[in-house]
Amino acid sequence: MELLFAIIAGVLFAAGLYLMLRRSILKLVMGLVLIGHSANITIFTAGGLTRARSAIIAPDATTLPAGSADPLPQALILTAIVISFGVLAFAIVLVSRAWQEVGNDDTDQFAETDR
Amino acid sequence: MTVLAFLMGVFVLAALAPWITRPLGRAAGWVFALLPAAFAVMLGTLAPQVAAGTPVRETLEWVPQLGLSLTLSVDGLGLLFGMLITGVGALVLVYAQGYLEGHEHLGRMFSYLLMFMGAMLGVVLTDNLLAMFVFWELTSISSYLLIGFDHNRLKARKAALQALLITGGGGLALLVGVLMLGSLAGTYNVSEMLAGKEGVLASDLYVPIAALFALGAFTKSAQFPFHFWLPGAMEAPTPVSAYLHSSTMVKAGIYLLARLSPVLGGTELWETMLTVAGATTMVLGAVLAIRQTYLKKLLAYSTVSSLGIIVMGLGIGTPYAVEAAIVYLFAHALFKGALFMVAGAIDHGTGERDVERLGGLARAMPALAVVGVLAALSMAGLPPLMGFIGKELLLKGTLKAPEWSGVLTGLTVFTALLTVTIALLTGIKPFIGKTLPTPHEPHAPGPALLLGPGLLALLCVATALVPSVLAMPLVGPASAATLGAPSTPDLSLWHGWTLALGLSALAVAGGCGVYALRGAVRRGVEVFGWIDRVGPASAYEIGLKGLNALASGQTRVLQNGYLRSYLFITISTAAGMVGVTLWLRGGLNLPERWEPALWYEYAIGALIAVAAVVAAVARARLTAIAALGLAGYGVSVMFVVFGAPDLAMTQISIETLTVILFVLVLLRLPDFRSISSRTQKIRDLFIAVTAGAMMTVLVLVASGATSSRAMSTWFGENSLEGGHGRNVVNVILVDFRAIDTLGEITVLAIAAIGVFALLRPSRMLRKGRA
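Protein chains in written order, with this note's numbering: chain P, 1459 to 1573; chain D, 22 to 791.
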């Protein structure tokens, strides 16, 4: 199953990067989302996959039993999901604003305004 | 802790100077001079103890873990340099008050001068080489600020940068040398290095260490071929030239050589290196000086020459030569400091800098004339002045040099001869002869401009007349510290009819002759002009231009404003490095057998992959966004299957929000167009697939690595007891790592503010509509 996850991470990354390499500014933002998924899957897999129980202490226990899912990568990914949503919200608004100001959705036209 | 307190005081005063200069008015320079003057007196009271051979030491622990302590040690060398820095410094502060009276940035000038003074004192008073290096760099930086003081002039800025780059480059060499020597000797304190001298000399690292230290010293002390920054630095206002470029900063390199002579010296390499560099610089400096007619340039080249003399003396290494070097250094600081200040006072009083257009000023400024003549006679090496004693010792040193004594003596006499000419030109010619018209009517310098050169010129005489009181307590212990053995230089004015005296007379007579025939001589030495035109200075120019061209060229290529080329460079570099690493490690080391995935896991995986690909290639916007959402929900389901319900819940809600956001924005944007060409698409596809493969490989490597679960176990054990929560992931986020989560919330808040700001219609748009 590690192999399956590795392939999913790879496909998500490739698709995201392909989108980011497009000149359309909206596709750029969509690519960002897919690459975010890829990164999360990477951390998730690297932390060790387990189909067993989630990282929740049972009502009759005081500690997490061995063999439970690893809580640490999950905490990291949770943070990552929320942060990438913040970035995405900002990026989407930035894109629509850029469209208003520049009147074009081609990032190559944006480069001209750089200089 | 008196020395330390004074040193700190100098820096504090440097920080305060810009604010208190204006309120103090015309008294500012005089008031500031009180501190270094008191410092000099305090150092003077230490002289008997230092002369007795016990250095005054004060230690302040700084970074004990790194062996970095601020150990101030006043020994013979430290005392001599400390006295010069504080003494000349006090005079320069007063002089600057007179020279830059009413300048809008006078406070800044005082601040820089005091900062430089503190840095320079730090260099000569610390025992620890690391601390010394920090101060050493600070002298380069403050010198940069001082040379570029007239920052509106391009030439001043260029000269400042040149000095900074050359001394800074030497500083880097010095740093490497310091680290090598420190690790070799096992200590960074020079006073403790003597014990390990044998080990240092026998080590393979000795040659690079000696070369690096020499490089640092030669750049700082303007030795050939690094000499050219010093004449360039004459763009600085005259108080700066008098202070930094004659008596103090350029001597830092010499200080370094003298300080380390007991540790690194005494070898063939050290002596050859210093003697050759010194002798070359000595002759070239004097010859190149003759070409000049501007007062300060003449003095600058002759300073280069004098620095060469001192380095050569240290290089010869015999007690005679080292004593001569130290005495000459002392004499040079006095007469050259005075001459620079006289030159500045002439410029200030007449507006003329060309010696050939100056004459007869003795009538308008008699006091300055006396001062100039005294300093010039000391420079020319005439009795009864300190310069004479220095030159006699020097000739004796070269005559008794163990090797090449004939050549060295000949070169020294030749240099002395040209020095006489330069002295006549800079200190005497402007005051005698026919009165020549000057840009404005000559007016005599005020007390602030006269005090500095006057006192220094007086010292040229007084130290020579009563050397046992005024000179010996300084130069004796200093040469003892350089030699590592007791030393009492022979400072008497009369040695009988010696060969050295005869050579001196020859030099004086020859110098007067050259002075008389200077027109012809100037044309003659023009053949050496190429050293300035195609020599090291132009190598520096070409190097600097090349570096700038390289920098802007690679910036144009790498920072071209197209996002996809940034992505391309970043991704291909990363993929390339991963590939190389894999190749070096001989491929992937995967476990024998993976645990197989279940059928529904394959199904979810396939769903995610297909959705991602559809999102990437869809021609319609809505299709793309629907596919994007599908991929996200697929990832959430995977989280559920693999024991991460919190992630799944978060992902699902975020994914829903994302789709809504996209749809909202979509309404404003045009439909997808196919902009890229087919070739571009194929190229991008290739990059994307390569990067995806890299990602897959990385995930496999990462999951194959065994990781410690110590932290996770700790969280699992302490979650309920310490965090009062059964959901360990939640407890980590809100309890154990709560500060991180606070940071996360802050990021969201900032993003929200950004969104809000962007959504408000801009002023520009509103105006357009109105």
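Simulated from the structure, these hints should not be mistaken for lab results. It should be emphasised that the depicted structure is a prediction, and the values quoted were computed from it without experimental measurement. Even for Gly, the Cβ is constructed at its ideal location relative to N, Cα and C. Please note: incorrect hints may appear among the correct ones.
So, partial list: chain D residues that the calculated Cβ filter (under 8 Å) puts toward chain P [what the hints assert, rightly or not]:
| no. | residue |
| --- | --- |
| 1 | Val529 |
| 2 | Ile590 |
| 3 | Tyr623 |
| 4 | Ala624 |
| 5 | Gly626 |
| 6 | Val656 |
| 7 | Val658 |
| 8 | Val662 |
| 9 | Ile675 |
| 10 | Phe736 |
| 11 | Asp756 |
| 12 | Ala759 |
So the derived label-pair ranges between C-beta atoms look like this [claimed, not checked]:
| no. | chain 1 | residue 1 | chain 2 | residue 2 | range |
| --- | --- | --- | --- | --- | --- |
| 13 | P | Asp1518 | D | Ala770 | 38 to 48 Å |
| 14 | P | Glu1559 | D | Gly725 | 19 to 29 Å |
| 15 | D | Ser586 | P | Glu1559 | 18 to 28 Å |
| 16 | D | Ala770 | P | Thr1520 | 45 to 55 Å |
| 17 | D | Gln575 | P | Glu1559 | 27 to 37 Å |
| 18 | D | Asp225 | P | Ile1541 | 48 to 58 Å |
| 19 | D | Ser586 | P | Asp1518 | 24 to 34 Å |
| 20 | P | Ile1541 | D | Arg640 | 23 to 33 Å |
| 21 | D | Ala572 | P | Glu1559 | 54 to 64 Å |
| 22 | P | Ile1541 | D | Leu290 | 56 to 66 Å |
| 23 | P | Glu1559 | D | Ala770 | 38 to 48 Å |
Now the hints, each set against the structure:
Evaluation of the valine 529 of chain D hint against chain P yields a violated restraint, the C-beta minimum of about 66 Å exceeding 8 Å. A distance limit of 8 Å between C-beta atoms decides the matter here; for isoleucine 590 of chain D the minimum to chain P is near 12 Å, and the interface restraint is violated. About 7 Å separates the beta-carbon of tyrosine 623 of chain D from the nearest beta-carbon of chain P, less than 8 Å, and the hint is met. Residue-level restraint check for alanine 624 of chain D is violated (minimum Cβ-Cβ distance to chain P is 11 Å; threshold 8 Å).
With its C-beta approaching chain P no nearer than about 5 Å, glycine 626 of chain D sits inside the 8 Å limit, and its interface hint holds. Given hint, valine 656 of chain D at the interface with chain P, holds; its Cβ is 5 Å from that chain's nearest Cβ, closer than 8 Å. With 8 Å as the threshold, the beta carbon of valine 658 of chain D stays out of range of chain P, its nearest partner Cβ sitting at about 12 Å, so the hint is violated. Interface hint at valine 662 of chain D: satisfied, since its Cβ lies 7 Å from the closest Cβ of chain P, which is below the 8 Å cut-off.
At about 5 Å, the closest approach between the beta carbon of isoleucine 675 of chain D and any beta carbon in chain P falls short of 8 Å, and the interface hint on this residue holds. The criterion of a C-beta within 8 Å of any C-beta in chain P is met by phenylalanine 736 of chain D, whose closest approach is roughly 6 Å, and the hint holds. Because the smallest distance between the Cβ of aspartate 756 of chain D and any Cβ of chain P comes to about 11 Å, over 8 Å, the interface hint for this residue is violated. With a least beta-carbon distance of about 11 Å to chain P, the hint placing alanine 759 of chain D at the interface is violated under the 8 Å criterion.
A hinted range of 38 to 48 Å holds for the C-beta pair aspartate 1518 of chain P and alanine 770 of chain D, which are about 40 Å apart. At roughly 49 Å, the beta carbons of glutamate 1559 of chain P and glycine 725 of chain D sit outside the given window of 19 to 29 Å. Range check, serine 586 of chain D to glutamate 1559 of chain P: Cβ separation about 23 Å, and the 18 to 28 Å hint holds. At roughly 36 Å, the beta carbons of alanine 770 of chain D and threonine 1520 of chain P sit outside the given window of 45 to 55 Å.
For the hinted restraint 27 to 37 Å between glutamine 575 of chain D and glutamate 1559 of chain P, the CB-CB distance of approximately 31 Å keeps it satisfied. The supplied range of 48 to 58 Å is met by aspartate 225 of chain D and isoleucine 1541 of chain P, whose beta-carbon atoms lie about 53 Å from each other. Judged by the Cβ atoms, the range 24 to 34 Å given for serine 586 of chain D and aspartate 1518 of chain P is violated: they are separated by roughly 59 Å. Checked against the given bound of 23 to 33 Å, the beta carbons of isoleucine 1541 of chain P and arginine 640 of chain D, roughly 31 Å apart, stay inside it.
Distance hint check: the CB atoms of alanine 572 of chain D and glutamate 1559 of chain P are about 32 Å apart, inconsistent with the given range 54 to 64 Å. The hinted window of 56 to 66 Å between isoleucine 1541 of chain P and leucine 290 of chain D holds, with their beta carbons roughly 59 Å apart. The hinted window of 38 to 48 Å between glutamate 1559 of chain P and alanine 770 of chain D is violated, with their beta carbons roughly 25 Å apart.
When the structure is compared with the earlier hints, violations turn up for hints 1, 2, 4, 7, 11, 12, 14, 16, 19, 21 and 23 and for no others.
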